[in-house]
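> These are the residues of each chain, in order.
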Amino acid sequence: NAGVTQTPKFRVLKTGQSMTLLCAQDMNHEYMYWYRQDPGMGLRLIHYSVGEGTTAKGEVPDGYNVSRLKKQNFLLGLESAAPSQTSVYFCASSYTAGGEQYFGPGTRLTVT
Amino acid sequence: GESVGLHLPTLSVQEGDNSIINCAYSNSASDYFIWYKQESGKGPQFIIDIRSNMDKRQGQRVTVLLNKTVKHLSLQIAATQPGDSAVYFCAENRNAGNMLTFGGGTRLMVKP
Numbered sequence: 001n002a003g004v005t006q007t008p009k010f011r012v013l014k015t016g017q018s019m020t021l022l023c024a025q026d027m028n029h030e031y032m033y034w035y036r037q038d039p040g041m042g043l044r045l046i047h048y049s050v051g052e053g054t055t056a057k058g059e060v061p062d063g064y065n066v067s068r069l070k071k072q073n074f075l076l077g078l079e080s081a082a083p084s085q086t087s088v089y090f091c092a093s094s095y096t097a098g099g100e101q102y103f104g105p106g107t108r109l110t111v112t
Numbered sequence: 001g002e003s004v005g006l007h008l009p010t011l012s013v014q015e016g017d018n019s020i021i022n023c024a025y026s027n028s029a030s031d032y033f034i035w036y037k038q039e040s041g042k043g044p045q046f047i048i049d050i051r052s053n054m055d056k057r058q059g060q061r062v063t064v065l066l067n068k069t070v071k072h073l074s075l076q077i078a079a080t081q082p083g084d085s086a087v088y089f090c091a092e093n094r095n096a097g098n099m100l101t102f103g104g105g106t107r108l109m110v111k112p
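Quick note, the sequences are listed as chains A and B, same order. The first sequence begins at 1 in our numbering and counts up by one. The second sequence begins at 1 in our numbering and counts up by one.
Hints should not be assumed to be uniformly reliable.
Which residues of chain A face chain B? A few of them, derived with a C-beta cut under 10 Å, are [unchecked claim]:
no.	residue
1	A2
2	V4
3	P8
4	G42
5	L45
6	G63
7	C91
8	S94
9	G98
10	F103
The hints are simulated quantities; they were obtained by calculation from the structure and are not laboratory data. For each residue, glycine too, the CB sits at the ideal point set by N, CA and C.
Required output: the full structure, derived from the provided sequences and hints.
Laid out in structure tokens, this is it:
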């Protein structure tokens with residue numbers, strides 16, 4: 001099993017550009033999450049999904065959108081990137097609600 | 001608001017010594033706690049978890065202690081090794097909800 005994978009690993013955007021981060025998991029998990037991690041800080045939840053076709057807002061959802069069209073994939077979109085969105089983005093999945101989460105390797109995004 | 005936090009941002013220990021990393025939480029409704037390890041450039045990895053009906057749980061070289069009276073969680077690492085150098089996060093699940101809330105992290109540095 002590959003576990004949780006994320007693409008791309010690195011990306012540089014200019015202010016106002018858009019992009020989509022892809023997360024995929026092969027563990028048949030119902031729950032998926034997107035976090036951002038700023039330097040020297042913990043993880044903050046952006047959006048999450050409790051199953052295919054569902055999404056919900058987390059702690060810091062503004063400026064981001066998500067979609068869960070397939071159970072194994074969770075997409076994070078930035079419609080108009082801002083320098084404040086420079087961060088490392090982690091995707092995670094879990095089998096149970098609020099249970100152990102398995103994390104991907106992260107995507108380092110820089111917005112200039 | 002209520003949050004999970006940590007007492008020490010950086011902990012430096014000698015190789016072979018025991019390490020203790022602390023975490024305070026303020027929500028008495030939290031019923032599940034996890035410790036994660038994050039190495040540089042990687043996603044967080046599960047170390048050990050504990051439910052609120054327990055006060056101690058042991059793994060391989062790691063022990064988690066939960067004191068519900070003072071809302072305190074600790075991670076003990078026995079015979080700390082260079083490979084233990086990382087940032088450690090505690091996370092809590094509140095009211096069997098869909099999310100984990102992460103603390104700010106403690107950096108553990110192991111001196112040879």
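> Next, verify each hint and record whether it holds.
Going down the list of hints, with the structure as the test:
no. : hint : verdict
1   : A2   : violated (13 Å)
2   : V4   : holds (8 Å)
3   : P8   : violated (15 Å)
4   : G42  : holds (4 Å)
5   : L45  : holds (6 Å)
6   : G63  : violated (19 Å)
7   : C91  : holds (8 Å)
8   : S94  : holds (8 Å)
9   : G98  : holds (4 Å)
10  : F103 : holds (3 Å)
Hint compliance for this structure: hints 1, 3, 6 are not met, and every other hint is.
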